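Chemist: So you can see what is in the structure, the chains are spelled out below.
2 protein chains.
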Amino acid sequence: MLSTSSNPLQPQYALGIDIGGTNTKFGIVNTRGDIFYRGAISTRKHEDVEAFIDDLYEATLPAIASIGGPSEILGIGVGAPNGNYYKGTVEYAPNLGWKGVVPLAEMMSKKFGLPTSLTNDANAAAVGEMMYGAARGMRNFIMITLGTGVGSGIVVNGQLVYGSDGFAGELGHNIIVPGGRLHWGTGARGSLETYASATGIKLTALELLEQRPDAQSLMREFSADALDSSKVYDCAMQGDALAKQVFEKTGEILGLALANFVMFSSPEAIILFGGPTKAGDLLLNPVRQSMEANLIPIFKGKVKLLFSLLSESDAAILGASALVWETKP
Amino acid sequence: MLSTSSNPLQPQYALGIDIGGTNTKFGIVNTRGDIFYRGAISTRKHEDVEAFIDDLYEATLPAIASIGGPSEILGIGVGAPNGNYYKGTVEYAPNLGWKGVVPLAEMMSKKFGLPTSLTNDANAAAVGEMMYGAARGMRNFIMITLGTGVGSGIVVNGQLVYGSDGFAGELGHNIIVPGGRLHWGTGARGSLETYASATGIKLTALELLEQRPDAQSLMREFSADALDSSKVYDCAMQGDALAKQVFEKTGEILGLALANFVMFSSPEAIILFGGPTKAGDLLLNPVRQSMEANLIPIFKGKVKLLFSLLSESDAAILGASALVWETKP
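Residue numbers (my numbering), protein chains in the order written: chain A, 990 to 1318; chain B, 990 to 1318.
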């Protein structure tokens, strides 16, 4: 549940930190989602977590000073791949150099002298959307992040769903096409991520180009390496039939998955975030059509399909900062 | 969240009512799940809801008197098909004679002079399991009821998931085999219910018998009408290879569905209930194998697969009664 601190004596700022495989971004954020200071350090150059935290601390000092010092900050929120909210740990994150289970929240809390909450990036995005974005005022919604992979954050009764172990909400790994496309990382076949991520969209494009050697397509102007979901979109906007089909197939599979999710938690809305959403109606229309077709009557025409209202560059910092205002369930 | 009323001055009993298409059963239950009085009336003979409630009221009078009168009862809990917890309504229930949206909780509350909570039968089963059964002490689990259909009740953070409209938890309608078996009621293809319900098990048996005309099977001794999931089980226990395959195929599809559910809410356990669970390991082993095979590593070997601890005849009354002790989220 969210409670915006209305007591003027209470600190009004949060330090939001987004840890990515390459860079770590941070910002000072108020309860309305205004970002007052932005900064970044390299994640990749630190194989040692303590050196990373030392560097991050140094980098944030001017940010913290700019709003009047640490007494003005209520806490730190961290979004990190494989972040566990219950334990405050980052566990076996494949894209980070750190090995095993890292008690990051505790380490940060000691170094900064501020309470620190941590979750994975998609959960942070969901909290950000609930606090500042398209899900303001909603108590039941699902956030789907479409990027290199497919992430998800699920809110039920106004609370993020963490499950028994803190790892709930791995909807990108739901099997939607049994026996389907091989996942490059998990080895599973037919998971949502293999079709609906930016990576999946590219694979669908390459598949269609190969299956239809005689079909003309602007997508053929790009090498397999250079083609990506944004170029598929550009081609579709120029009227390319095969490129449009890529989004139709993507939408069909994503829509089926969303129907299954709706029949699980009956959300008020599903919020889509990330690069592929730039395709707009080209993606949204087939998603909506497929979702509605796969719902039982009781759910039809009820669930809003929305795009995130947060800018892609700010969303991760905003989401991480919003953790500070979320009380533990 | 459950709170067993420990104040001795507070009423210690609940009236649990299970409305089925044919009969309506009721019982007086204490906080430990002991049933003190059982009774039943016909549902089917009442097309008029008010006449049904009048009849039910008359039938429960001796039950209520037996524990000292209505002042000893904290409230009424009702499990009903298409029951909506938020609104206390039964909506367009295909198996009940009542038309449209019936404000049953309000009508019962007026007639009995007792607060009345209402939910669908699978949700009631989940609350019963949490209060008295295999899920005691669990804050995150999923209940799957296997019968003519497949129902589900989902508990997250100790609360039933009702979603934005009160209808969450229709996992039987999740599409698990896209383009698969036609559902007799919804017209959807490949939903879990078409494979994992008792009806689905029978259909799988008939399909296998037709696909393998040369294969010997004890199942051939029954007419298509007479064959049911319990007879398939009897044949399998006598070593019938084709009957065993029926459970293997059922388990494969149910296990895949359960893996998807686990990656949604990361439950501590999944609890299976209903006729087909009598098959025991014959069903449970292929379910477990398929579930584990379809999970990403972070969830493997973590989730308990359990059978319900409530007797099939009492579970519905116990579940309904347990609603009385559950506070609204």
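Take the hints with a grain of salt, since some may be wrong.
Given that identical chains are not distinguished, each listed pair holds provided it fits within a single copy or across any two copies.
[To be verified] In silico PhoX-like cross-links for lysine-lysine, where the CA-CA straight-line distance does not exceed 20 angstroms: (1) Lys1267 <-> Lys1191; (2) Lys1291 <-> Lys1220; (3) Lys1076 <-> Lys1289; (4) Lys1293 <-> Lys1088.
By construction, these hints were calculated from the structure, which means they are not laboratory data.
Note that the structure is predicted; figures quoted are calculated from it, not measured.
Chemist: For Lys1291 vs Lys1220, is the C-alpha pair at or below 20 angstroms within one copy, between two copies, both, or neither?
Modeler: neither (33 angstroms within a copy, 41 angstroms between copies)
Chemist: Can you tell me if Lys1293 and Lys1088 fall within 20 angstroms by alpha carbon in one copy, between copies, both or neither?
Modeler: Neither, since 40 angstroms and 28 angstroms both go past 20 angstroms.
Chemist: Go through the copies and call it for Lys1076 and Lys1289: within, between, both or neither, with a Cα cutoff of 20 angstroms.
Modeler: This pair counts as between: shortest inter-copy Cα distance 19 angstroms, intra-copy 38 angstroms.
Chemist: Go through the copies and call it for Lys1267 and Lys1191: within, between, both or neither, with a Cα cutoff of 20 angstroms.
Modeler: Answer is within; shortest intra-copy Cα gap is 15 angstroms, inter-copy 47 angstroms.
In this structure, the earlier hints numbered 2 and 4 are contradicted, and the remaining ones agree with it.
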